[in-house]
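Student: Going left to right, the sequence shown walks through residues 1 to 109 as our numbering numbers them.
If you are wondering where the hints come from, they were derived from the structure by calculation, not from laboratory data.
The structure presented is a predicted model; accordingly, all values stated were derived computationally and were not measured.
Glycine residues also receive a C-beta, built at the ideal position from the N, C-alpha and C atoms.
Heads up, a few of these hints could be off.
The calculated label-pair distances, taken between Cβ atoms and stated as ranges, are [as the list claims (entries may be wrong)]:
1. Lys28 with Arg69: 19 to 25 angstroms
2. Thr93 with Gln49: 50 to 56 angstroms
3. Phe96 with Leu72: 55 to 61 angstroms
4. Pro107 with Gln83: 49 to 55 angstroms
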Amino acid sequence: MSKPHTPKPPYPAQFREQMIELVRAGCKPGELAKEFGCHATSIMSWVRQADEASGLAPAQAGALSASERRELMELRRKLRQVQLERDILAKATAWFANNGDKTFTPPAR
(Lines of atoms letter the chains of each structure in order from A and count residues from 1; the text may use other names and numbers.)
(Lines give C-alpha, C1' and ligand atoms only; values in the text may rest on other atoms or scores of the structure.)
Protein backbone atom coordinates (compact mmCIF):
# COMPACT_ATOMS: atom_id res chain seq x y z
CA MET A 1 0.00 0.00 0.00
CA SER A 2 1.37 3.44 -0.91
CA LYS A 3 1.52 6.40 1.38
CA PRO A 4 -0.89 9.25 0.71
CA HIS A 5 0.75 12.26 -0.88
CA THR A 6 1.50 14.94 1.66
CA PRO A 7 2.36 18.40 0.35
CA LYS A 8 5.75 19.86 1.15
CA PRO A 9 5.71 22.57 3.78
CA PRO A 10 6.02 26.05 2.26
CA TYR A 11 9.44 27.58 1.84
CA PRO A 12 10.40 30.06 4.58
CA ALA A 13 9.69 33.71 3.82
CA GLN A 14 13.39 34.59 4.08
CA PHE A 15 14.24 31.95 1.44
CA ARG A 16 11.56 33.31 -0.93
CA GLU A 17 12.82 36.88 -0.44
CA GLN A 18 16.38 35.80 -1.24
CA MET A 19 15.20 34.08 -4.43
CA ILE A 20 13.28 37.23 -5.46
CA GLU A 21 16.37 39.39 -4.88
CA LEU A 22 18.55 37.01 -6.90
CA VAL A 23 16.10 37.04 -9.83
CA ARG A 24 15.93 40.83 -9.75
CA ALA A 25 19.74 40.90 -9.71
CA GLY A 26 19.75 38.98 -12.99
CA CYS A 27 19.92 35.30 -12.04
CA LYS A 28 17.74 32.93 -14.04
CA PRO A 29 14.96 31.13 -12.14
CA GLY A 30 15.89 27.79 -13.75
CA GLU A 31 19.48 28.01 -12.54
CA LEU A 32 18.37 29.01 -9.04
CA ALA A 33 15.89 26.12 -8.98
CA LYS A 34 18.62 23.59 -9.77
CA GLU A 35 21.01 25.08 -7.25
CA PHE A 36 18.56 25.40 -4.34
CA GLY A 37 16.23 22.46 -5.02
CA CYS A 38 12.95 24.20 -5.74
CA HIS A 39 10.89 24.66 -8.90
CA ALA A 40 11.54 27.51 -11.33
CA THR A 41 7.79 28.10 -11.60
CA SER A 42 7.66 28.66 -7.84
CA ILE A 43 10.44 31.25 -8.05
CA MET A 44 8.73 33.05 -10.94
CA SER A 45 5.48 32.99 -9.00
CA TRP A 46 7.17 34.55 -5.96
CA VAL A 47 8.65 37.31 -8.10
CA ARG A 48 5.28 38.02 -9.73
CA GLN A 49 3.54 38.10 -6.34
CA ALA A 50 6.19 40.45 -4.96
CA ASP A 51 5.78 42.76 -7.96
CA GLU A 52 2.01 42.81 -7.53
CA ALA A 53 2.34 43.44 -3.79
CA SER A 54 4.66 46.39 -4.40
CA GLY A 55 2.25 47.86 -6.94
CA LEU A 56 4.35 47.16 -10.00
CA ALA A 57 2.54 45.93 -13.07
CA PRO A 58 4.37 43.19 -14.97
CA ALA A 59 5.39 45.67 -17.68
CA GLN A 60 6.72 48.11 -15.08
CA ALA A 61 8.68 45.46 -13.23
CA GLY A 62 11.43 45.34 -15.83
CA ALA A 63 13.19 48.17 -17.62
CA LEU A 64 13.06 48.55 -21.39
CA SER A 65 15.78 46.86 -23.35
CA ALA A 66 17.97 48.86 -25.73
CA SER A 67 16.05 47.61 -28.77
CA GLU A 68 12.73 48.50 -27.12
CA ARG A 69 14.01 52.01 -26.36
CA ARG A 70 15.12 52.45 -30.00
CA GLU A 71 11.73 51.23 -31.21
CA LEU A 72 9.94 53.58 -28.82
CA MET A 73 11.99 56.57 -30.01
CA GLU A 74 11.30 55.67 -33.65
CA LEU A 75 7.56 55.29 -33.01
CA ARG A 76 7.44 58.64 -31.21
CA ARG A 77 9.25 60.29 -34.14
CA LYS A 78 6.76 58.76 -36.60
CA LEU A 79 3.86 59.89 -34.40
CA ARG A 80 5.11 63.50 -34.44
CA GLN A 81 5.41 63.33 -38.24
CA VAL A 82 1.87 61.96 -38.65
CA GLN A 83 0.48 64.59 -36.26
CA LEU A 84 2.20 67.33 -38.28
CA GLU A 85 0.74 65.94 -41.51
CA ARG A 86 -2.71 65.76 -39.90
CA ASP A 87 -2.49 69.39 -38.79
CA ILE A 88 -1.44 70.52 -42.28
CA LEU A 89 -4.34 68.62 -43.85
CA ALA A 90 -6.78 70.11 -41.33
CA LYS A 91 -5.60 73.64 -42.22
CA ALA A 92 -5.82 72.89 -45.93
CA THR A 93 -9.33 71.49 -45.51
CA ALA A 94 -10.42 74.61 -43.63
CA TRP A 95 -8.89 76.86 -46.30
CA PHE A 96 -10.62 75.00 -49.13
CA ALA A 97 -13.91 75.02 -47.21
CA ASN A 98 -13.76 78.83 -46.87
CA ASN A 99 -12.72 79.35 -50.49
CA GLY A 100 -14.91 76.60 -51.94
CA ASP A 101 -17.06 78.94 -54.04
CA LYS A 102 -14.07 79.79 -56.20
CA THR A 103 -13.49 77.23 -58.89
CA PHE A 104 -10.12 76.41 -60.27
CA THR A 105 -9.59 77.45 -63.85
CA PRO A 106 -6.47 76.26 -65.57
CA PRO A 107 -4.35 78.94 -67.20
CA ALA A 108 -5.12 79.62 -70.87
CA ARG A 109 -2.62 78.50 -73.46
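Student: For every hint, state whether the structure bears it out.
Tutor: Hints versus structure:
1. A beta carbon spacing of about 23 angstroms between Lys28 and Arg69 agrees with the range 19 to 25 angstroms that was offered as a hint.
2. Against the hinted window of 50 to 56 angstroms, the Cβ-Cβ separation of Thr93 and Gln49 comes to about 53 angstroms, which satisfies the hint.
3. Against the hinted window of 55 to 61 angstroms, the Cβ-Cβ separation of Phe96 and Leu72 comes to about 36 angstroms, which falls outside the hint.
4. For Pro107 paired with Gln83, a C-beta distance near 35 angstroms fails the hint of 49 to 55 angstroms.
Hints 3, 4, counting from the list given before, are not met by this structure.
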